[in-house]
Amino acid sequence: MKKTFLLFLLSTAVIHAVAQQPAQQVFQNKAELHGDSIVFPLTLVNAYPFISVEVNGIKGKFMFDTGLNSAIEINDNAVKLPGKKAVNRGQVGSGQSFMKSINDTITQVKFKNGLTYHNLLNITSGNFDFLQNNITPDCIGYIGHKFYEGYLFKLDYLKRKLTFYKNTPERQKSKDFLNGEKVLAVLNFETRRLPNHPMVRVKIGKFDLLGSFDTGQYGLLQLDDQAATVLKTKCLVIPAGNDAYDDPIVNVSDIVLDGKLKVSVKGITPYTLEQTAPFRKGMQISEASYICFGYRFLDQYKTVWDYGEKKIYVLEK
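Numbered by mature numbering (1 follows the signal peptide of the UniProt record, and there is no 0), the letters in the sequence shown go through residues -19 to -1, 1 to 298 in order.
Where hints are given, some of them may not hold.
Below, a list of computed lysine-lysine pairs in the DSSO-like style, where the Cα atoms sit at most 27 Å apart [said to hold, decoys possible]:
(1) 163 to 93
(2) 292 to 156
(3) 142 to 163
(4) 298 to 247
(5) 184 to 81
(6) 142 to 11
(7) 81 to 66
(8) 142 to 298
(9) 163 to 291
(10) 91 to 142
(11) 11 to 81
(12) 93 to 40
(13) 61 to 40
(14) 81 to 65
(15) 40 to 91
(16) 91 to 156
These are calculated hints, taken from the structure and not from any lab test.
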């Protein structure tokens, strides 16, 4: 079974002086960010980014998964939700299926930095035991795109820090989120059916691919037959054994993103075309070859994801 978890559904914080004080951040009904900027400390578990949280008194972690479009989803295998109502079956990109439910009210969601929500309405939950079994037993859900809609964010794995900045005209002029940073490249991206998936044009050697970014996985590569044959012959795609889950991994070099940034990545999972079928339709991927940049890429840099301007800033780590 693949362990990359290309997920679709799916410490004390240091607050900048411009941000609201955490103790004052108590909100009702809707899970969304407020204020000018706010910092969440990250915990990396097996390379996946998590944020500490408490849901209805149960302490655990939310995975920060940019591949998830909804604001939050709760693991009802870990948090008992007796009022949940089953709606349909869901599926993550790695193939696991689960029953999705809707919850009229979640009494409280409280983050360690003081950000607190009461009586959240119409929150999705599911049995995410595959995350508990394969990553961390205290995974109690996800944070996704709609939680931070209207914000850009800076992801820093070295300092274990996730900073959100409200996207305003003033900020687009000042670009204060780049203060003190060395910018290596500014990647222009597009979105298709799903607004949470930034997509860029990529070349490996002479071959064109579609690329996307996702914090909920290590990274993956799917090549058509011709590209696979040529790139392996030229040693641009090299088998690198198996990972801890006994899944094959490859090292890939001579990758150029948006014609601007040349990189190599190690330890990503090779996929067949058939294995990408669960998410190709949802993401409107029609290109013959595809690469997703996850932890193996993101850990090499700091990155700023600006959905409003459709840019990803790649910064020196």
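Agreement of residue 61 and residue 40 with the hint, judged by alpha carbon distance not exceeding 27 Å = holds, 12 Å
Is the straight-line distance between the alpha-carbon of residue 163 and that of residue 291 27 Å or less?
-> Holds, at about 19 Å.
Hint consistency between residue 292 and residue 156 [alpha-carbon to alpha-carbon, up to 27 Å] = holds, 12 Å
Keeping to a limit of 27 Å between CA atoms, is the pair of residue 91 and residue 142 held or broken?
-> holds, 18 Å
Do the alpha carbons of residue 298 and residue 247 lie within 27 Å of each other, as the hint requires?
-> holds, 17 Å
Compare the distance between the alpha carbons of residue 11 and residue 81 with 27 Å, and conclude whether the hinted pair is satisfied.
-> holds, 19 Å
Pair hint residue 142 and residue 163, alpha-carbon separation not exceeding 27 Å = holds, 17 Å
Does the structure keep residue 163 and residue 93 at a Cα separation of 27 Å or less?
-> Violated - the C-alpha atoms of residue 93 and residue 163 are around 30 Å apart, more than 27 Å.
Take a quick look at whether residue 91 and residue 156 sit within 27 Å of each other, Cα to Cα.
-> Since the Cα atoms of residue 91 and residue 156 sit roughly 30 Å apart, the hinted pair is violated (cutoff 27 Å).
Mind checking the alpha carbons of residue 93 and residue 40 for me, to see if they're no more than 27 Å apart?
-> At roughly 10 Å apart (the allowed maximum being 27 Å), residue 40 and residue 93 satisfy the hint.
Hint consistency between residue 81 and residue 65 [alpha-carbon to alpha-carbon, up to 27 Å] | At roughly 9 Å apart (the allowed maximum being 27 Å), residue 65 and residue 81 satisfy the hint.
Given pair status - residue 298, residue 142, alpha carbons within 27 Å = holds, 12 Å
Of the hints listed earlier, those the structure fails to meet are numbers 1, 5 and 16, in rising order.
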